[in-house]
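Peer 1: With the hints as constraints, model all of the structure from the sequences given.
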Amino acid sequence: MKDSHERQTTNQQPGRNRKHFGQFLFYAICVLFIFVVCRFSYIAIGKNVQNVNLSSQAQKLYTANETLKAKRGTIYDANGQAIAEDTSVYSLYVVLDKRQKGVDGQKLYATNKPKIARVLAKYLPISEKKALKALNPSNRNTFQVEFGTAGQNISLTTKQKIQKAHLNGVNFIQQEARLYPNGIFASHLVGLAESKTNKAGETTLTGTMGLEQAFNKELTGTNGSQKIKKDMYGYQLPGTKQKSKKAKNGDNVYTTLDTRLQTLLETEMSSVQDQVKANSMNAVLMNAKTGAILAATQRPTFNASTKAGLSQIWRDTLVQDAYEPGSTMKVFTMAASIDSGNYNGNATYQSGKYAIGNQIVPDWNTSGWGTITYDKGFALSSNVAMAHLEQQMGAKTWKKYIDRFRFLKSTHSGLPGELSGSIAFQRPIEQADTSFGQGIQVTFFQMLQGLTAVSNNGKMMKPYVISKVTDPNTNKTVAKYSPKTVGNPISAKTAKAVRKHMEDVVYKSYGIGGDYKMSGERVAVKTGTAQVSNGSGYLSGDDSYLYSVAAMVPASNPKYVMYITMKQPHLGSKTATQLLASIMKPVMARALQEDAQTTKSASAKMPAVTGKSTTSASSALTKAGATVTILGTGSKVLSQSVKTGTTLYNGQRVFLKTGGAVALPSLTGWSKGDVVKLAQIEGLKLTVSGDGYVTKQSVKAGTSVGSGAGLTVTLKQNK
1 MKDSHERQTT NQQPGRNRKH FGQFLFYAIC VLFIFVVCRF SYIAIGKNVQ
51 NVNLSSQAQK LYTANETLKA KRGTIYDANG QAIAEDTSVY SLYVVLDKRQ
101 KGVDGQKLYA TNKPKIARVL AKYLPISEKK ALKALNPSNR NTFQVEFGTA
151 GQNISLTTKQ KIQKAHLNGV NFIQQEARLY PNGIFASHLV GLAESKTNKA
201 GETTLTGTMG LEQAFNKELT GTNGSQKIKK DMYGYQLPGT KQKSKKAKNG
251 DNVYTTLDTR LQTLLETEMS SVQDQVKANS MNAVLMNAKT GAILAATQRP
301 TFNASTKAGL SQIWRDTLVQ DAYEPGSTMK VFTMAASIDS GNYNGNATYQ
351 SGKYAIGNQI VPDWNTSGWG TITYDKGFAL SSNVAMAHLE QQMGAKTWKK
401 YIDRFRFLKS THSGLPGELS GSIAFQRPIE QADTSFGQGI QVTFFQMLQG
451 LTAVSNNGKM MKPYVISKVT DPNTNKTVAK YSPKTVGNPI SAKTAKAVRK
501 HMEDVVYKSY GIGGDYKMSG ERVAVKTGTA QVSNGSGYLS GDDSYLYSVA
551 AMVPASNPKY VMYITMKQPH LGSKTATQLL ASIMKPVMAR ALQEDAQTTK
601 SASAKMPAVT GKSTTSASSA LTKAGATVTI LGTGSKVLSQ SVKTGTTLYN
651 GQRVFLKTGG AVALPSLTGW SKGDVVKLAQ IEGLKLTVSG DGYVTKQSVK
701 AGTSVGSGAG LTVTLKQNK
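At position 79 of the sequence shown (counting the first as 1) the number is 79 in the UniProt record's numbering, and the numbers step up by one without a gap.
Be aware that one or more of the hints could be misleading.
[Stated by the list, open to error] Straight-line Cα separation of at most 35 angstroms, DSBU-like style, residue types lysine-lysine; simulated pairs:
1) Lys468 - Lys612
2) Lys396 - Lys353
3) Lys574 - Lys376
4) Lys217 - Lys159
5) Lys164 - Lys196
6) Lys289 - Lys484
7) Lys245 - Lys480
8) Lys517 - Lys277
9) Lys130 - Lys164
10) Lys409 - Lys459
11) Lys133 - Lys159
12) Lys462 - Lys400
13) Lys159 - Lys696
14) Lys605 - Lys476
15) Lys484 - Lys500
16) Lys69 - Lys122
17) Lys98 - Lys113
18) Lys115 - Lys685
19) Lys396 - Lys459
20) Lys376 - Lys496
21) Lys409 - Lys476
[Unchecked claim] What follows is a set of in silico ranges between Cβ atoms, one per label pair, in the way DEER data are often shown:
22) Thr67 - Gly102: 24 to 32 angstroms
23) Ser698 - Ala424: 52 to 60 angstroms
24) Thr111 - Lys700: 39 to 47 angstroms
25) Ser519 - Gly651: 21 to 29 angstroms
26) Asn198 - Gln597: 45 to 53 angstroms
Treat the hints as calculated values from the structure; they're not laboratory data.
Bear in mind the structure is a predicted one, so any value in this text is a computation, not a measurement.
Virtual Cβ for every residue (Gly too), placed ideally from N, Cα, C.
Peer 2: What follows is the structure, given as structure tokens:
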């Protein structure tokens, strides 16, 4: 029995040992697990690993830092119409990676590539074939694809149309952009703001030209931020607070530009440029009393909306080019001679040629006009007459007046890259040359500034294009730019005498400016023709001249000064004076017309009409001198296109939205700016051809239109 019991005991012992060992191992693992958990909890809560606080890092993983983008300030014309403002554009990309799925299993990748290609080809400048090829790259592991320029700068309207197709995998990235609603509109002067990415990867709009660059600091706002604690799915964690700092929008800049005059000037300049293909052209209309720039442009120019033409020239030639002005400089020579007491208009001289040392000063008519008076010499634009006047008053006196008119000094316009000019004034022949605009380099703004002394009875005004800068958050003016007197180079008596001589250029039988006569107004004019310098001499040939005109209207008490230059045009059947007059006269006439309208009506403010009946709103606006356009079929005004308190100019169009279907009004006679505003309000896809005022519209008046509808209008300038 013993043997049997011992055998049983021996056989059971290994089982007990395995059981005890298993229990021990289980307890050991549990203890180890608890230790590890405690250890890592301890580290996560209060320890650093390799100098990194894990608690802080974990918090960062679940805290979303979002930037609240500040809006760039708007640039306005003199009447409060936006000429440069912020907008949003979008870039498109398509996800191809089939692993990309939403929390609910939604497929976040392209599931129907042929359909995507068809939709993109319909709304973007890309063919269906090219789009489909991009959607099927050779590398099968490609995560996502883009579509180059075709998939960039997409408008909100186009984005919404694509989204309506409900395409899996198609995504958009919102980007800041600058909207220039008028296209070609003082483009180099207003300038550009373009997207720039800083070292932190943030993209902002930065001014790269013109006023956008000069006032970049004021226009640029300060971004805000907000911090939100989120879970792994992106939802805000309960019980946590949102920390935020508001964005501060950039300041608004108000210019002195008049949209109606600017649009007309652009049209007339384009008309002449199309005819003569000049190397360059400049034109400015200025308030003769204050120096305020009402309209300004140059050729070549560019369309700020499309950037078409931008590669031709980046310079703002109003301040960044210096040139020999030619005969328009004779205005200042005559002024200096009269003001210094040296002028005798009835005295005579021999025209044609004049020897100074061993050098000859020639008239443009080298045969001359015989022995004539200095009065007649000015009307005929005689170089010899001016050289005599310079010799009579002496180089020292003449140079004193050059300085008094502030040539060779910056006008401090605030525009980027302004030049100061230069002069060759050592030898007697050089001193004489400057009297008729050779050997002296000036800027366009310097000439404008000097001309105000003549137009403003001796008081010389600084040309300026900014009236004020305002804070959009408080509507308070943070900077105001008022007319500034920069000198009194001549007396009022001298200024009036010079203008009388400028009238002779137009109205004397021998004057060479008869093309500048205007119906109902006396005009004071000085024409100019200068050979173009090549650095070491002067170019030769029929197309090697700079033609110019300085005009003041009305001559007896000028309200407006206009200065135009045209360099190296290819003249055809028309003369240079005929071409320049075709720009000057309609713009001057429109300015005088507007001035008469403004005088008749007091400056009215935009009333608050939102919430009022359409009848009472229309009545209030009509009394204020506005033109009312009602959009919709509702009986109450839901929104107004012009902000309450804004100064209304006579005839300004105000849009009132009332809800319901919108019937397209008759657009005949509308300005380009008004049509663009209508398209913006209603989300219409607008195509414009021509300049001036609407003569044709593709959609018949009275037709209901909705967002995304196409509209083509043809514009023509009425003269």
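Peer 1: For which of the previously enumerated hints does the structure constitute a violation, in increasing order of number?
Peer 2: The structure conflicts with no hint, since it agrees with every one listed earlier.
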